[in-house]
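Undergrad: The sequence shown runs 19 to 392 under the working numbering.
Do not take every clue at face value.
[To be verified] No more than 25 angstroms apart at the CA atoms, straight line, and that leaves these computed lysine-lysine pairs for DSS-like:
| # | residue 1 | residue 2 |
| --- | --- | --- |
| 1 | Lys276 | Lys329 |
| 2 | Lys44 | Lys33 |
| 3 | Lys81 | Lys33 |
| 4 | Lys138 | Lys104 |
| 5 | Lys316 | Lys276 |
[Claimed, not checked] DEER-style ranges, computed between Cβ atoms:
| # | residue 1 | residue 2 | range |
| --- | --- | --- | --- |
| 6 | Arg212 | Arg134 | 49 to 59 angstroms |
| 7 | Arg302 | Asp45 | 14 to 24 angstroms |
| 8 | Lys104 | Arg300 | 15 to 25 angstroms |
| 9 | Lys30 | Arg134 | 22 to 32 angstroms |
| 10 | Ile180 | Ser217 | 49 to 59 angstroms |
| 11 | Gly135 | Pro305 | 29 to 39 angstroms |
| 12 | Glu178 | Glu244 | 40 to 50 angstroms |
| 13 | Asn239 | Ser20 | 42 to 52 angstroms |
| 14 | Gln160 | Ala196 | 15 to 25 angstroms |
| 15 | Gln347 | His232 | 38 to 48 angstroms |
| 16 | Lys392 | Arg350 | 13 to 23 angstroms |
| 17 | Lys30 | Glu118 | 44 to 54 angstroms |
| 18 | Ala298 | Lys379 | 41 to 51 angstroms |
These aren't lab readings, by the way, just hints derived from the structure by calculation. Just so you know, even glycine gets a beta-carbon here, dropped at the ideal spot from N, CA and C.
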Amino acid sequence: MSVSLREVRTPKDAKTFLYLPERLHKDHHNWVPPIYSDEKRVFDPKRNRAFAYCDFVRVLAEKDGETVGRISAVINRRYNDEWKVKVVRFGYLECPNDLETAKALLGFAEDWGKQRGMEKIVGPNGFTEEDPQGFIVEGFEQIPNLATYCNWPYIPPLLESIGYGKEVDYVVYKVDIANAVTDFYKWAYERASRNKQFSLMEFKSRKEIRPHIHAIFNLMNDSFKELYGYSTLDEQEMDELAKRYLPVIDPRFIKAVKTTDGEIVGFIVGIPSIAEGIRAARGRLWPFGFLKILSASKKSRKLDLYLGGIKAEHRGKGLDVLMGYSMLQSAREAGFEYIDSHHELETNVKMRAEMERTGGKVYKRFRIYSKMLK
């Protein structure tokens, strides 16, 4: 039978869209579900600020009387205006290893974008860079991090067979903490510490972090603006992200650098891996899922780097060494065995050099695909 598609318009369809991956990944031993309350917020126009500047649609695919796939399409008008492009994004793609279903879903996203004047489709992407992006193409045996896709290995070949090619790759480094603090790295840290223009900021409580949240996000806007796929955050989005992530942040793993006049010019954020806790909770926080996630974060031996940036005019002055060395020391003291770098653009040579200076090795690769719309 042919594939039929229907837009998600009812609460029933919204629930089907949300939980469909549980069924499609039931035999996927490495799969980690999203935190469903988080994902509900993403799709709620009343709680997701991005709806103010994004056009959005999502559909379900049905075949032989069964729901078998899903996809979303987004036009981020803010991003398109900032980068002067006409791009539609696809995301949240799930389907079996079936070319007909994949063609139907991606074809819908392509046509929806073309009808709105778009010239190119890219994905997987969400509304903004803070949503999951990129399908894994290397390292399928690894457990995924928070806010990353965990796709079946057959997904990339399906995309390629429909005419999609590589847009950009993100690499992920694994840093062995025990071997990362070399004599040279220690010397570089001590040298950077002697520069009195800058001082390292460390935190003991979330209360200490709160006054600096907007400064850190403003720095993120400044330092990420040249990176592929990034669109700037407004103050309301900064507040929403802080509300979303501050409860799971351990203050020991936030580092920042300020100048003598108090301006924050560098930051890095790490989060103890909670993947095993999310899996144990099946993505549900209530009634007891949050306890499983909290327990997993305390037992984890992996620290996931989540965000980091340095103001452009201060790059190359040792700020990355100040924060990186301090993060390694804090991670070692807390009993972590290795650090996961999260997504690093393959073209971001400065950040990649910092990972490699600590002995980091690429062990995962994610890819964003693209296709021109004729």
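Undergrad: Taking the hints in turn, state whether each one holds.
TA: So, going through the hints one by one against the coordinates:
1. Lys276 to Lys329: 11 angstroms, holds
2. Lys44 to Lys33: 17 angstroms, holds
3. Lys81 to Lys33: 18 angstroms, holds
4. Lys138 to Lys104: Holds - the C-alpha atoms of Lys104 and Lys138 are around 7 angstroms apart, at most 25 angstroms.
5. Lys316 to Lys276: 30 angstroms, violated
6. Arg212 to Arg134: 49 to 59 angstroms: Distance hint for Arg212, Arg134 holds at roughly 55 angstroms.
7. Arg302 to Asp45: 14 to 24 angstroms: 20 angstroms, holds
8. Lys104 to Arg300: 15 to 25 angstroms: 40 angstroms, violated
9. Lys30 to Arg134: 22 to 32 angstroms: Holds, since Lys30 and Arg134 (Cβ atoms, about 27 angstroms apart) stay within the stated range.
10. Ile180 to Ser217: 49 to 59 angstroms: 52 angstroms, holds
11. Gly135 to Pro305: 29 to 39 angstroms: Violated, since Gly135 and Pro305 (Cβ atoms, about 47 angstroms apart) do not stay within the stated range.
12. Glu178 to Glu244: 40 to 50 angstroms: Check failed, 29 angstroms falls outside 40 to 50 angstroms.
13. Asn239 to Ser20: 42 to 52 angstroms: 46 angstroms, holds
14. Gln160 to Ala196: 15 to 25 angstroms: Given about 19 angstroms between the Cβ atoms, the range holds.
15. Gln347 to His232: 38 to 48 angstroms: 27 angstroms, violated
16. Lys392 to Arg350: 13 to 23 angstroms: 54 angstroms, violated
17. Lys30 to Glu118: 44 to 54 angstroms: 25 angstroms, violated
18. Ala298 to Lys379: 41 to 51 angstroms: For Ala298 and Lys379 the Cβ distance comes to about 28 angstroms; the hint is violated.
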